[in-house]
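Participant: Residues per chain are reported as follows:
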Amino acid sequence: MTATKKPWPAQLGLALALVLLMAALAAARPNFLTLGNLVNVLRQISINGILAVGVTYVLLTGGVDLSLGSLVAFTGVIAARFAHPGEWVVLAPVCLGILAGAACGAVNGWIVTRGRVAPFIVTLGMMTAARGLALLASGGRPVSNLSAAFTRIGGGDLAGVPIPILIFFGVALLSHLFLRNLRAGRHLYAVGGNENAARASGVKVGRVKMMAYTLCGALAGLAGVVLAARITTGQPNAGVGYELDAIAAVVIGGTSLNGGVGGVGGTVLGALLIGVLNNGLDLLNVSSYYQQVVKGVIIVGAVWLDRSQHRDR
Amino acid sequence: MTVRTGVLIATAVIAAFAAGCSSGGGAGAVAVGGGGARQPVIEVSLLNLSNEFIVMLNQAMDDKARQLGVRLIVNDAQRSADRQVEQVESFVAQKVDAIILNPCEVEASAPAVDKALAAGIPVVNVNSETKSAPTAFVGSRDEDAGRIAVEYIAKRLGGRGNLLMMHGYMGQAAEIKRSQGALEVLSKTPDLKLLAQQAADWDRAKAMGLMENWIQSYGDRINAVFAQNDEMAMGALMALEQANRKAHVVVVGVDAIADALAAVRDGRLDATVFQDAKGQGGAAVETAVKIIRREPYEKQTLIPFQLVTKDNVGQYLR
Chain A
130 MTATKKPWPA
140 QLGLALALVL
150 LMAALAAARP
160 NFLTLGNLVN
170 VLRQISINGI
180 LAVGVTYVLL
190 TGGVDLSLGS
200 LVAFTGVIAA
210 RFAHPGEWVV
220 LAPVCLGILA
230 GAACGAVNGW
240 IVTRGRVAPF
250 IVTLGMMTAA
260 RGLALLASGG
270 RPVSNLSAAF
280 TRIGGGDLAG
290 VPIPILIFFG
300 VALLSHLFLR
310 NLRAGRHLYA
320 VGGNENAARA
330 SGVKVGRVKM
340 MAYTLCGALA
350 GLAGVVLAAR
360 ITTGQPNAGV
370 GYELDAIAAV
380 VIGGTSLNGG
390 VGGVGGTVLG
400 ALLIGVLNNG
410 LDLLNVSSYY
420 QQVVKGVIIV
430 GAVWLDRSQH
440 RDR
Chain B
5 MTVRTGVLIA
15 TAVIAAFAAG
25 CSSGGGAGAV
35 AVGGGGARQP
45 VIEVSLLNLS
55 NEFIVMLNQA
65 MDDKARQLGV
75 RLIVNDAQRS
85 ADRQVEQVES
95 FVAQKVDAII
105 LNPCEVEASA
115 PAVDKALAAG
125 IPVVNVNSET
135 KSAPTAFVGS
145 RDEDAGRIAV
155 EYIAKRLGGR
165 GNLLMMHGYM
175 GQAAEIKRSQ
185 GALEVLSKTP
195 DLKLLAQQAA
205 DWDRAKAMGL
215 MENWIQSYGD
225 RINAVFAQND
235 EMAMGALMAL
245 EQANRKAHVV
255 VVGVDAIADA
265 LAAVRDGRLD
275 ATVFQDAKGQ
285 GGAAVETAVK
295 IIRREPYEKQ
305 TLIPFQLVTK
315 DNVGQYLR
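Residue numbers (our numbering), protein chains in the order written: chain A, 130 to 442; chain B, 5 to 322.
Treat each hint with caution, since some may be false.
Using 25 Å as the maximum straight-line C-alpha spacing, the simulated SDA-like pairs for lysine to any residue come out as follows [as the list claims (entries may be wrong)]: (1) K424/A - E179/B; (2) K250/B - I292/A; (3) K210/B - W239/A; (4) K210/B - V426/A; (5) K210/B - L406/A; (6) K424/A - Q201/B.
One side of the interface only, derived from the structure: several residues of chain B facing chain A at Cβ under 8 Å [said to hold, decoys possible]: (7) V59; (8) A203; (9) R208; (10) M212; (11) M242.
Facing chain A, from chain B, some residues (calculated, C-beta under 8 Å) [stated by the list, open to error]: (12) A209; (13) G213; (14) A251; (15) H252.
The set of hints was computed from the structure by calculation and includes no laboratory data.
We treat Cβ as the ideally placed atom computed from N, Cα and C, and that holds for glycine.
For reference, chain A alone in the conformation it holds in the complex (with noise of 0.2 Å):
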């Protein structure tokens, strides 16, 4: 035997993908690789972002998240409804937005700990059950006329920032430290990668368990917040399908659908991808149904051209 090959960078893959991909657009398309226009992706990728990073703990423990894009319209509705100009301090659509969130996510992982129920089940109920919430809480109706403090969060920036990426990138920075550096974020990986192993050595699976679903879902509160603030309503029917773009960020972000393996680094790398996607797919003017195939061609391709580098391990 040789000495052992030194391991590709996680991300490598993916961030070559990415750049290849920047360059392609630049050579087609002058006014990609503005400033104006990498900001304007960015502050769309913001909220599939945020999302992305949530469903990354539930990932990680080797469970799903398939409300995320019901609990959006649900956490949107909610915050929009204390939201008006002259009830409310900004703070209070906010935190409820996210409590709203946290308390389904919370739901969510009751039921998977205690019932023993798998995830893909329990999150599929959620689903329904919170567009159902949506619907009710709003009265099949848009909940317009927000406070300008409100929608501020949507559409403001500070120091020339949009503040949803700045929004963003704090979430991501966070998550980031908290899964490397604190004892519970490490729990996560252990949980994920080998559910009998942590649970002999102490790790208390149902509890950790919890606590992915439920940031998970006061994530998705805090993205319903800013989705809200952005449209300036909340909309009952928002957020159709936010689940599957987020769970893709974080597949092609190299985070593995069985737990164990992955992190926030990859997850804002995939967002990344989806996002110059759409972007450059739009500058290009390509056609709607072209941009669905091209779409699921590049998701497929980056994901295996991320596992074929790591197979040479």
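For this one, chain A is given, so just place chain B on it according to the hints.
Facilitator: Just chain B, lined up with the frame of chain A:
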């Protein structure tokens, strides 16, 4: 374990049933207490009750039914033509007096019409069409919405400029017909150029992202945006406002939802095209009742679309 699960599920079902009865109790009581002449029953299958326009259509039908003294039972097909056909099958089994169908799809909802007619139950299609001809149709021509919107844009731009078009969900009847109407005007206005067209799936957030990308791509060259519904028009409007470009671009939507009307009133949105939910819903129930009572009725009732600008927005605001 299984017994406990069974009890749990049974409890949930009973609770849901009780909740349903308490909210629908009014209508049921009227039917029972009707006395001598049986109250006619009309069953309705609606496209999707999480859509604001369909909610308005539903309210208009309820009001008219109450006024005419008929019992209306409403089902939500939740966008699924499949479910819609199943619903109509159960209406047929219950031998209702008439069916009002708000079709999900042109082709896939057609079997619902066929089955009801074969069982001798009259069908009134409302808002959109099916391939099979119903007893009567009440609705608007979606081509007209596209035509009215782009004609207004052409007038505002003096027949010259660059237009962007945001499509609804590709392949739906409203998307196809609104596009047809728009393209028809474009073909007659050679100096009004279609710069780009893209689907934003009737969705405000998607439309906002698309408009941001278009601003990056076409910048100063954009003179007008036609969005095939108001949700997308509002998304485009917000993206243009945030990029400080709205002053140079005419934006027009369709449907006259509350948000869009307020934006027209405030001079932010240039125009929307009013689709008359109240007119359509009311006329559908009226037609169904005429058919049941064997009175003469219109085979086709067209409720016209109307252009809403700042000049006439007052009459549409509620």
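Participant: Holds or violated: K424/A and E179/B, Cα atoms, limit 25 Å.
Facilitator: This hinted pair holds, its Cα atoms lying about 23 Å apart.
Participant: Given A209/B as an interface hint, is its Cβ closer than 8 Å to any Cβ of chain A?
Facilitator: holds (5 Å)
Participant: With the threshold set at 25 Å, check whether the alpha-carbon distance from K210/B to L406/A stays at or below it.
Facilitator: Holds: K210/B and L406/A sit about 14 Å apart, inside 25 Å.
Participant: Measure nothing beyond the straight line between the CA atoms of K250/B and I292/A; if it is 25 Å or shorter, mark the hint as holding.
Facilitator: Holds, at roughly 22 Å.
Participant: Mind checking the CB of A203/B against every CB in chain A and telling me if the closest is under 8 Å?
Facilitator: holds (4 Å)
Participant: Once the shortest beta carbon distance from R208/B to chain A is found, is it less than 8 Å?
Facilitator: Status holds, d = 5 Å.
Participant: For the restraint on M242/B, tell me whether the closest CB of chain A is nearer than 8 Å.
Facilitator: Given a least distance of 7 Å, the restraint on M242/B holds.
Participant: V59/B was flagged as interface toward chain A. Is the shortest Cβ-Cβ separation under 8 Å?
Facilitator: holds (5 Å)
Participant: Using the nearest Cβ pair, does A251/B come within less than 8 Å of chain A?
Facilitator: Check failed: Cβ of A251/B comes no nearer than 18 Å to chain A, outside 8 Å.
Participant: Hey, K424/A versus Q201/B, does the alpha-carbon distance stay inside 25 Å?
Facilitator: This hinted pair holds, its Cα atoms lying about 18 Å apart.
Participant: H252/B was flagged as interface toward chain A. Is the shortest Cβ-Cβ separation under 8 Å?
Facilitator: violated (17 Å)
Participant: Hint check: K210/B vs V426/A, CA-CA at most 25 Å. Holds or violated?
Facilitator: holds (21 Å)
Hint violations for this structure: numbers 3, 14 and 15, all remaining hints satisfied.
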